[in-house]
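Participant: In case you want the letters, here they are:
Protein chains: 2
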Amino acid sequence: MDSYGFLLDVALILISTKLFGLITKRIEMPQVVGALLAGIILGPGMLGILHETEFMNQIAEIGVIVLMFSAGLETDMEELKKTGGSSFVIAVIGVLVPLAFGYVLTSFYNTSPNAFLENMFIGIILTATSVSITVETLKEMGKLNTASGNAILGAALIDDILGIIGLTVITGMADTSVNLMAVLLKIVLFFVFSGVVGFFARKLVKYWFDRHDNTLRRFSVLSFAFCLIFAYVAEHFFGVADITGAFIAGLIISNTSKCTYVASRIETLSYMLISPVFFASIGLKVVLPELSTQILIFSILLCVAALLSKIIGCGLGARCCGFTNVQSVRIGVGMISRGEVALIVASKGIALGLMQEQFFGPVIIMVVFTTVITPVLLKFVFKERANDPDIAAVHSELLEHYEEVEAYEAASQAMLDQHIRMKENEATQES
Amino acid sequence: MDSYGFLLDVALILISTKLFGLITKRIEMPQVVGALLAGIILGPGMLGILHETEFMNQIAEIGVIVLMFSAGLETDMEELKKTGGSSFVIAVIGVLVPLAFGYVLTSFYNTSPNAFLENMFIGIILTATSVSITVETLKEMGKLNTASGNAILGAALIDDILGIIGLTVITGMADTSVNLMAVLLKIVLFFVFSGVVGFFARKLVKYWFDRHDNTLRRFSVLSFAFCLIFAYVAEHFFGVADITGAFIAGLIISNTSKCTYVASRIETLSYMLISPVFFASIGLKVVLPELSTQILIFSILLCVAALLSKIIGCGLGARCCGFTNVQSVRIGVGMISRGEVALIVASKGIALGLMQEQFFGPVIIMVVFTTVITPVLLKFVFKERANDPDIAAVHSELLEHYEEVEAYEAASQAMLDQHIRMKENEATQES
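Chains A and B, in that order, give the protein sequences. For the first sequence, the working numbering gives the first residue as 4, with consecutive numbering after it. For the second sequence, the working numbering gives the first residue as 4, with consecutive numbering after it.
Any given hint could be a false lead.
Cut-off 30 Å, straight-line C-alpha distance, at most; resulting in silico cross-link-like pairs (DSS-like, lysine-lysine) [claimed, not checked]:
1. Lys28/A with Lys209/B
2. Lys28/A with Lys206/B
3. Lys209/A with Lys382/B
4. Lys206/A with Lys28/B
5. Lys261/A with Lys261/B
6. Lys261/B with Lys386/B
7. Lys84/B with Lys28/B
8. Lys28/B with Lys261/A
9. Lys261/B with Lys28/A
10. Lys386/B with Lys28/B
11. Lys261/B with Lys142/A
12. Lys146/B with Lys386/B
The set of hints was computed from the structure by calculation and includes no laboratory data.
Next up, chain A with everything else stripped away, as it sits in the complex (with noise of 0.2 Å):
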C-alpha cells in the first residue's frame, strides 16, 4: 500500500457511510443501521475491500470518545434532578432486567473460565438505551411531549449513568489480579476526583468568560483537549475506562454555559470524519463466516432478550410510578432501541478481552434489529385511542435542553440558505 492509501480509505468510509445512511433514511430506517452495514459489506467479511488499520482503530477511538463526551453534554444534571422520581425508577428496573437476562441467556453459550465476568458484560450491554431513535420517531407523530414521552427521556438519560457505572465496575474487575474492594475503592475515588475537577471547572469557565468574550472558538478545542485527557487519566490512573472518562468530561462541561456551542463543534468533528470512521470499523470487524448455526441461534435469542427485558423491565417501573398500562408499555417499547452505545461498550468489551470475538456479530445484530424494530413497535403502540392517556401536553425543560443544540444548528443553516439566497439574487441582478 502506498504511504497516501489511506486518503482513499477514509474518502470510501465517508462516502459509504453517507450513502447506506441515505438508503436507509429513505426506507425509514436510522442512518446509523446503514453506517454500520456499510462497514460490513466493504470489509473482510464481505466485498474486502477495507481493511482494519491502526490509524482506522485510532480514529475509530476518538470517535468513541466523542460520541461519549457529546452524550454528556447533553445530559443536564440540574434538569435530571427535577425529573427525579419516576424517571430514576423506570431507569434503574429497566436496567436491572436487561442485565439478569443477558447474563442468563449468555450463561447457556458460554463455556469460557472468566465466564461470570464475560456472560455480565453481555449483560451491560444489554443495558444502554440509545434515545435518539425514539425521538426522531416520536417527534414525526408528534408525541415527544407526552407524558411517556418525557419519561422516556429522563429514563434514557439516567440509564446512560447508570450502563456507564456498570461498565466502569466490570471493566476495573478485568485486572484479576487486583481485589474487589481495590476497585471499587478505585472507582469511588474517580467519582469523587470528577466531582473536584467538575466544581473548580465550572468556577474556572465562569471566571475566564466574565473577563474574555470573543474565545468561544478556543473554549471548544480546549474542551475537546479537557475531554481526552479526562479519558486518558480514568483508563490510567483509576483503572476506569477511558469512554466512562469521556462521559464525565462531557457531564462536567454541560454545566457550564457556552456548552450549546461546544456541543455543535464538536458534532461537526464528529460526522465530517470520526464518527463514520467508527461505525465502519465497527462493521469492519463483522466477519460473516463465524455466524455458526449455535451463534445464529444465539443472536435471535439476544434479540428476543433486548426487546423483551426492556418492555418489562421499563414498563413494570412505569407502572410502580403510577403510570397506566398503556403509558407504561409506551415507556418500554420507546426504550427497546440500543445505538451506538451498546457499539462502544461492545468494541470496548474486546478490547480489553471481556468479550469473545464470536459474541459480536450477534450483538450488532441484536443493536440493527433494536433499532430498526423501535420506530414500527412505537408507530403501534402510540396509536390514538378513546380516552388516551397521554393527551394533554407536558412542558419539559429537558426536552427544551435536548432540542437546542439541533435548533442552533438548524438556526445556523437557515442563515446561511438565506445569505446564499440574496447572493444569488444580486448574481442574477447583475447579469
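The hints should help you fit chain B onto chain A, whose structure is shown.
Facilitator: Frame of chain A; chain B shown alone:
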C-alpha cells in the same frame, strides 16, 4: 505505551499549540509561529515529551490536505480573471525571482548528486506567499481596501497557483526513471482531467441542489471525501503531489454555490483536530543539534533571500504595471510572509526525498522569520505620508469573497451569544 496513550498526545498537542498560539498572538506575532514553537519545544529536539508516531503523521497528512483544500476553496477563479493583468504580472515576477534566489543560494551548500532538483525545490519553497498575516495586519490598519492591498490579495492567490504548478512539475521529475516529456504530459493530462471533472461537478451539484434543499451537511461530508479522492488520484494516476490534487479539488468546489458552508465546516474540522497536529508534527521534525554553524549561516542567508526576493520580484512586477514606487514597495513587503504552504511543501519534499533533512531547520527558521517580520515592515511602509498614492478606498469583490467565510463564523457566534444571554436572563428571572 498503552493503547490509549495517543489520546494524551493529541490532548497535549491541542493545548500546547493553542496556548503558544495565544502567547505569540498577545505579543502581536502570528499564531502559526506559536503552534510551530509548541512542536519544537515539546518534541525530541528539546523536552522530548512528544514523539512522531504513524498515527500523528497520518493525521498531519490529512491536515495538510485539508489546509490546501481550504486554500483552493478560498480562491475564486471568476474574480481572479477580473482582477486580471497586474496581479498576474506581480505574481509571475514575484515567483521567478525567489525561485532563482533559492536555487542559487542552495547551490553553494548542496553537494548531493541530485543537486539540481533539490536546489530548485528550495526555490519552490521560497515562492509560496502566505497572505493571511498581511491581510490581518492591513485590516487592523484599515489599509486592506487600498490599491496596494488589493494587488497583494490578487497576486498572493495567483502565487499559490503558480507555486502549485512549480511543485507539480518538480515532484513529477523526482522519479528519475521517467523522462521529462512523460512527466509534463502526465501533468497536462491531470489539468485536463481536473477541468473535465470540474465542469461536470458543477452541473451535478447544481442539479442536486435544485432538487433537494436541505442537504448541506451531506454536501460537506461528500466534498471532503471528494477532496481526499482527488488527492489520491492526483498522486496515484498522474504522479502529481496529493496536495496539488487537494488544492484543485478546492478550486472545483469553490465554483459551486454552497462553497461558503463547506468552507466553514472544513474549517471546524481543521481547527478542532487536524491542523494543530500538522503544525506540531512540523515542529517535532526539527532537531536542534543539527543546526551546525554552516547551517546557521545558511539559515540567515535563506531569511535574507526570502525577504529580498519578494520585495524585488513583486516590487518590480508592480512597477511594471504602473504602480508608484511607494506602492510597489508596499506590495513587495506585503508578499514577504511564507506560512503554512511553505511548510507543507517542505514536509512533502522530505517525504519524497527531494529535500535533505539538514535544510528543514533553516526552512522553518525562514518561515518564522518572514512571518514575524512582515507585520513590522508593513506598519512601517504603510505609514501615512503627504500625497499618499493609496488614499482612496477601492471596491473589490475579491476582498468580499475573502471575508465571507469569516463573516459567517462571526455571525453564528453573535447569534449564539445572544441566545445564551437570553437564556441566562431567563434563568436570573426565574431564580
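Participant: All the hints need checking, so say for each whether the structure fits it.
Facilitator: Taking the hints in turn, this is what the structure says about them:
{"no.": "1", "hint": "Lys28/A with Lys209/B", "verdict": "23 Å, holds"}
{"no.": "2", "hint": "Lys28/A with Lys206/B", "verdict": "26 Å, holds"}
{"no.": "3", "hint": "Lys209/A with Lys382/B", "verdict": "37 Å, violated"}
{"no.": "4", "hint": "Lys206/A with Lys28/B", "verdict": "26 Å, holds"}
{"no.": "5", "hint": "Lys261/A with Lys261/B", "verdict": "28 Å, holds"}
{"no.": "6", "hint": "Lys261/B with Lys386/B", "verdict": "39 Å, violated"}
{"no.": "7", "hint": "Lys84/B with Lys28/B", "verdict": "35 Å, violated"}
{"no.": "8", "hint": "Lys28/B with Lys261/A", "verdict": "23 Å, holds"}
{"no.": "9", "hint": "Lys261/B with Lys28/A", "verdict": "23 Å, holds"}
{"no.": "10", "hint": "Lys386/B with Lys28/B", "verdict": "22 Å, holds"}
{"no.": "11", "hint": "Lys261/B with Lys142/A", "verdict": "29 Å, holds"}
{"no.": "12", "hint": "Lys146/B with Lys386/B", "verdict": "10 Å, holds"}
Checked against the numbered hints above, the structure violates hints 3, 6 and 7; every other hint is satisfied.
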